[in-house]
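Student: Each chain, letter by letter, is given below.
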Amino acid sequence: MTATVEPAEAPGTSLHGEIAISVRDLHKHFPIREGALQRVAGHIRAIDGVSFDIRRGETVGLVGESGCGKTTLGRCVSGLTDPTVGGVYFDLSGQDHDRLDSILAVPEAARTEEMRRELETLETSHRVDRLGKQEWLRYRRNCQVVFQDAFASLNPRQLVREIVGRPLKVHKEASGDQLTERVVELLERVGMGRQHLYRYPHQFSGGQRQRLSIARAIALDPELIVLDEPTSALDVSVQAQILNLLNELQRELHLTFLFITHDLSVVRHMADRVVVMYLGKISERGTTGDIFDDARHPYTHALLRSSPDVDDDPEAALVTLEGSVPDPARPPQGCRFHTRCPVATPICGWEVDDVVRWLEDEPGMFDSLTDVARHDEFTAELHFSDEDAAGQLEAALSSEKVPVEAREALIELRRDGGTVQVSFQMVGEVELTERKPGHFAACVHERAPEAK
Amino acid sequence: MTLAPAPGPAGNAVATDSVASVVGLRIHFESKAGRVYAVDGVDFDIRDGETLGLVGETGCGKSVTARSFLRLVPMPPGIHAGGSVLFRPHQRCQHCSGAGCEVCEGTGRLPTSCSKCGGDGCPVCNGTGMETIDLSTLPEKNLREIRGDRIAMIFQDPAKALNPALTVRNQIAEVFYQHRTTDVLERAGLDTSPNPLLRRHVAQRSRLLERALLALPPLRSRRQKIEGVVDDMVAAALAETQIPNPIKVMERYPHELSGGMKQRVMIAQALACNPDLLIADEPTTALDVTVQARIIELIKQLQGRHKSAVLYISHDLSLVRRVCDRVAVMYAGRIVEVGTTEEIFANPLHPYTRGLLAAIPSRTHVRGQLVAIKGTVPELIEPPPSCRFVERCSYAVDVCAEIDPTLEGTEDGHEVACFIHNPPSVAAELPSFSRRTS
Chain S
0 MTATVEPAEA PGTSLHGEIA ISVRDLHKHF PIREGALQRV AGHIRAIDGV SFDIRRGETV
60 GLVGESGCGK TTLGRCVSGL TDPTVGGVYF DLSGQDHDRL DSILAVPEAA RTEEMRRELE
120 TLETSHRVDR LGKQEWLRYR RNCQVVFQDA FASLNPRQLV REIVGRPLKV HKEASGDQLT
180 ERVVELLERV GMGRQHLYRY PHQFSGGQRQ RLSIARAIAL DPELIVLDEP TSALDVSVQA
240 QILNLLNELQ RELHLTFLFI THDLSVVRHM ADRVVVMYLG KISERGTTGD IFDDARHPYT
300 HALLRSSPDV DDDPEAALVT LEGSVPDPAR PPQGCRFHTR CPVATPICGW EVDDVVRWLE
360 DEPGMFDSLT DVARHDEFTA ELHFSDEDAA GQLEAALSSE KVPVEAREAL IELRRDGGTV
420 QVSFQMVGEV ELTERKPGHF AACVHERAPE AK
Chain B
0 MTLAPAPGPA GNAVATDSVA SVVGLRIHFE SKAGRVYAVD GVDFDIRDGE TLGLVGETGC
60 GKSVTARSFL RLVPMPPGIH AGGSVLFRPH QRCQHCSGAG CEVCEGTGRL PTSCSKCGGD
120 GCPVCNGTGM ETIDLSTLPE KNLREIRGDR IAMIFQDPAK ALNPALTVRN QIAEVFYQHR
180 TTDVLERAGL DTSPNPLLRR HVAQRSRLLE RALLALPPLR SRRQKIEGVV DDMVAAALAE
240 TQIPNPIKVM ERYPHELSGG MKQRVMIAQA LACNPDLLIA DEPTTALDVT VQARIIELIK
300 QLQGRHKSAV LYISHDLSLV RRVCDRVAVM YAGRIVEVGT TEEIFANPLH PYTRGLLAAI
360 PSRTHVRGQL VAIKGTVPEL IEPPPSCRFV ERCSYAVDVC AEIDPTLEGT EDGHEVACFI
420 HNPPSVAAEL PSFSRRTS
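Chains as they are written, first to last, in numbering that gives the first Met the number 0: chain S, 0 to 451; chain B, 0 to 437.
For the record, the hints were derived by calculation from the structure and aren't laboratory data. Please note that the accuracy of each hint is not assured.
Unchecked claim - For the chain B half of the interface with chain S, some residues (derived, Cβ under 8 Å), not all of them:
| # | residue |
| --- | --- |
| 1 | 56 |
| 2 | 57 |
| 3 | 142 |
| 4 | 168 |
| 5 | 257 |
| 6 | 289 |
| 7 | 295 |
| 8 | 318 |
| 9 | 320 |
| 10 | 359 |
| 11 | 361 |
| 12 | 362 |
| 13 | 363 |
| 14 | 364 |
| 15 | 366 |
| 16 | 371 |
Said to hold, decoys possible - What follows is a list of derived Cβ distance ranges for each label pair:
| # | chain 1 | residue 1 | chain 2 | residue 2 | range |
| --- | --- | --- | --- | --- | --- |
| 17 | S | 161 | B | 393 | 33 to 39 Å |
| 18 | B | 212 | S | 37 | 43 to 49 Å |
| 19 | S | 375 | B | 365 | 49 to 55 Å |
| 20 | S | 314 | B | 195 | 53 to 59 Å |
| 21 | B | 207 | S | 314 | 55 to 61 Å |
| 22 | S | 38 | B | 223 | 38 to 44 Å |
Computed from a prediction, not measured in an experiment: that's the story for all the values here. Note that beta-carbon positions come from the ideal geometry of N, C-alpha and C, so glycine has one too.
Next up, chain B with everything else stripped away, as it sits in the complex:
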């Protein structure tokens, strides 16, 4: 099977302030029934410091898109069928060593200039002059350095995402050992003459025999010093998520904590290294409403302080409306509409977005008369070249079943993939919101 070159804005001017761009991403899965086109040509940018909401129903590919940032989609059965995820990592601000100063506007991070051209702009960095990494082709070793450090992730179910066999302290300490090795040694005052055994201990590379040696004098006291430093770092990370009495929580195992508390531990772990991009995959779906409200306020608050970009994945539109600056609506492996939150909610352009908004029970609905979208999400096995929403759309005409609409921008950055707004050049009949066809 030959794959068409990924369409999309590759080669076009990429917004210079975007921290990550997904360009024509296609992730397919091989199954017994055939190839499932789970993500099929997705394009979007995440701007620095913004919260982008990715909404859609079960099976629309939103989680697969998010996981492909960190290459967490198992391959096989997954197939990376094209496109890429570009990431522009920041580096720690040299002026304040990450504490936050005027130069870095309190974020502790500064953009990294391109290693090929030194910031002048070249084909590698797409003319932006910023270091650009293609996460979909990066070697595994380099990707490990980015995971949890520059890009962090919060998962849906904290009970499953946390390791049940590790205490909260050991769990968060892993992040520091992995990504802040020199920092830990420096804080312990051991950076001038680091013993190779200690260095390996901090980088979590100790073998059994080495561990035995570290448990004996003379290395024992220095090892304990390192552990004390890490304890402080972990406590600080936990305290930031407003966990009461972090010292006590550190010694607990995940099963001893409530759902909201576990989610806080996950957030603390994710934000421990002050990442450029935080991916939150339905972080409050498993929580009660009262706890959900607190977690959302916490994420908003921390995002305001760290100014990290957040990719917020959710199926709950009322939450997305509160949390996000911009919203991308996904349907059946495609982005069907992107725009600012106000635009999407005040003036939804795609029939699917309109359907989703109308389906939420609210106080304005008369009982028993919710506007449901008819039918179900189509199976994504070898989809025909048509609008994916055509079978459930109330406004579809012949052309919708024949040609595939592309995501095109209208004024003020609101993009939509629908012939109602971007009529094709060859069509006998055009769809319109004023005419229901079914």
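Chain S with its partners taken away, still in its complex shape:
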């Protein structure tokens, strides 16, 4: 069957609509603390330079494996955590948006005094983590969150009336009987009713709890809802009910969704545009059609081919990825996906860490590795306690045991007793580049070839 989800069919999905949220060069690093003094020993780079826009009335799907930073990004967008560098801008007019981009395009040191002043004004009135009190209150009304675990996000000691009516109370929208009526209205909107008003969360099923979360989220008539895996904990038949409800609400209330999930079949069903994240960076973004039918990044290929779909041929083998996600405290150089990429090239960023990672899986050799003296990410001396291991490594690095691309990227390999010096070709980060209007991918291939 060839029918695909037509993004143009849903209302408010014009790809050139007004921009609701702009994420610009967002970084979020979490410190790793060690020892009795809690000295900062490094940083987990949960989000490492992410930029994209969300337009009014559309659904942006954010996908990736666990640990890729998608939830952290959702928390930054909703203002629950402050970013380390960069920011989330909301309510920018088209003019301001262009102005912001043109200022940010200039390196910080080269900005003129006027640019700085202008940026400062833009940031204090539009950047989520720098808003004034009034503006911040307005943003919080306009941006709501629905979490994955509906049980953990509903206060177990409060009644439904209090839970769903809470935002109305906080923002002094209603009280007393009026509040009750507003809550009933909201409950009816999500397919529940007056009979549920005076119950506790534990008296509801998973699907109903998620409906309550949604009712609470739409209470203040927000513009944007961040949906953080809203259906992962639900059964398929209930998931279908919730997804239908979300679509219905979006149509009626002109909501904008940031839909975070790891389930590609849900994204294909829900999203107008998709952002694929890997290890804190965007590896590809574009319209749903582009991502699912014309993926340019090998990671997107791998994700698509490893998630089974009921309509697929069950005999076709699932494509599997080798290895595991690298440590986000020391993300790989070049393209972050090169360590697992089936179509990697010599210019994808092979580095010293690749040798160390490879050594970890080799019995014997890793045990006799005593020290890695790094000059930079691409050049280092590996010291071994016995010469045999060093000899083995030297032999292995020029044999079939390591990927041919890594061997081609190796410019220097010298052994001196128990010391092996390796030096790889230096490579910069692989940036997102536009492949066709609105479709960006961060890959050295123009069109990533299918895996072997």
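Given chain S, put chain B in place with the hints provided.
Tutor: Same frame as chain S, but now just chain B:
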């Protein structure tokens, strides 16, 4: 409360090639609100070497059914209210001592003939001539010999199922110490004159004082030899699940491993003794899609090699379709449909199976128009004698709320419990797929 005798195919001819049969199993739970009929009359066979998928939504009783194989359901509050789980264990092939030869078709296992009749067929073995054990009445001591040896289990969350205080090596070694005591001694060359202290050590029965003695010469070297043998066995078991550098992984604790790696360790542990039946309870639910794909390929590959039967429990139909030979669909404590995977997916007979398949978002669905099943799973406290799906069924008629449909076979082994296909003799109006009633 009197319990009706378990209905089902007890006494009927049981397929001779089935490694386990669940016959009219009923597991109930006592709760404050009343008795919960979590599993209420479940019948199915698992054939030797096949993968049977057990699918259903949360709370339909699929995990309880699987756990009752090894009696892992806590009682109380659980109540075994009837029925049984019959298991036909295999024994190690004498011709190749488990290595795999022509006689045992490379599996290393051969069927055991019935101890009562010697393979001629008697009431105990239901005429199959094969050793048949009722797992629901077996004494705990004998059950311990089966757990992890003849029937092994992989749990949903490897982070919770592995002991955080033991290294991977010690964890897998337990299986060998428990079930392969003589094997370990034999491999260490100590089987001719086993010192009682060493024997107790291998069977993990050493006390504190004995352990102190084993740490001193002259027993120390022999104990170390045994440990070396077990190390090799553990490394071999790990290597089979394609873990890179098993020697290093052996010394790690579970928290040092990634989710996919932990699941591999669990699989290695489960398959260490070459079981006849492997129960996989949602083995990939806690994993990412890319890791899930690898674990599934691994399970398929290992199953092809060991030819163990697998009971694969999942709520994900698209996975079940790839992994299983046959599928049993469970709803509210009952099996509503059983058939081959192709049959179930190409021609689902039960309205619930149809609903489940339609609810999965796929590329053919128009956005916002998923076919959801209305309502929620009913509470299983004292259910009325009606079809359990009646409240959510779009085709239900009066008779569905009055009589309980039983699982009946149509042609080619496809069984379904629905009046649309097996009309009752007394009914004014019959349900049909051509007429929606709600």
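Student: All hints are to be evaluated individually against the structure, with a verdict given for each.
Tutor: To see whether the hints hold, each was checked on the structure:
1. 56: With a closest approach of 4 Å, the residue 56 of chain B hint holds.
2. 57: 5 Å, holds
3. 142: 32 Å, violated
4. 168: The hint is violated - residue 168 of chain B has no Cβ within 8 Å of chain S, the shortest such distance being about 14 Å.
5. 257: At about 5 Å, which falls below the 8 Å cut-off, the nearest Cβ of chain S leaves the hint on residue 257 of chain B intact, so it holds.
6. 289: Holds - the Cβ of residue 289 of chain B comes within 8 Å of chain S, reaching about 4 Å at its closest.
7. 295: 7 Å, holds
8. 318: Because about 6 Å separates residue 318 of chain B from the closest Cβ in chain S, which is inside the 8 Å limit, the hint holds.
9. 320: With Cβ-Cβ at 5 Å, under 8 Å, it holds.
10. 359: With a closest approach of 5 Å, the residue 359 of chain B hint holds.
11. 361: Holds - the Cβ of residue 361 of chain B comes within 8 Å of chain S, reaching about 5 Å at its closest.
12. 362: Residue 362 of chain B check passes; min Cβ-Cβ to chain S is 6 Å, inside 8 Å.
13. 363: At 5 Å from the nearest chain S Cβ, residue 363 of chain B passes the 8 Å test, so the hint holds.
14. 364: Cβ of residue 364 of chain B sits 6 Å from chain S, so the hint holds.
15. 366: Interface hint status for residue 366 of chain B: holds (5 Å vs cutoff 8 Å).
16. 371: Holds, because the Cβ-Cβ distance from residue 371 of chain B to chain S comes to roughly 4 Å (cut-off 8 Å).
17. S:161 / B:393: 33 to 39 Å: 36 Å, holds
18. B:212 / S:37: 43 to 49 Å: Holds - the Cβ-Cβ distance for residue 212 of chain B and residue 37 of chain S, about 46 Å, lies within 43 to 49 Å.
19. S:375 / B:365: 49 to 55 Å: At 53 Å between Cβs, range holds.
20. S:314 / B:195: 53 to 59 Å: 56 Å, holds
21. B:207 / S:314: 55 to 61 Å: The hint (55 to 61 Å, Cβ to Cβ) holds, given that residue 207 of chain B and residue 314 of chain S are roughly 57 Å apart.
22. S:38 / B:223: 38 to 44 Å: 42 Å, holds
The structure is inconsistent with the numbered hints 3, 4, although it conforms to all the rest.
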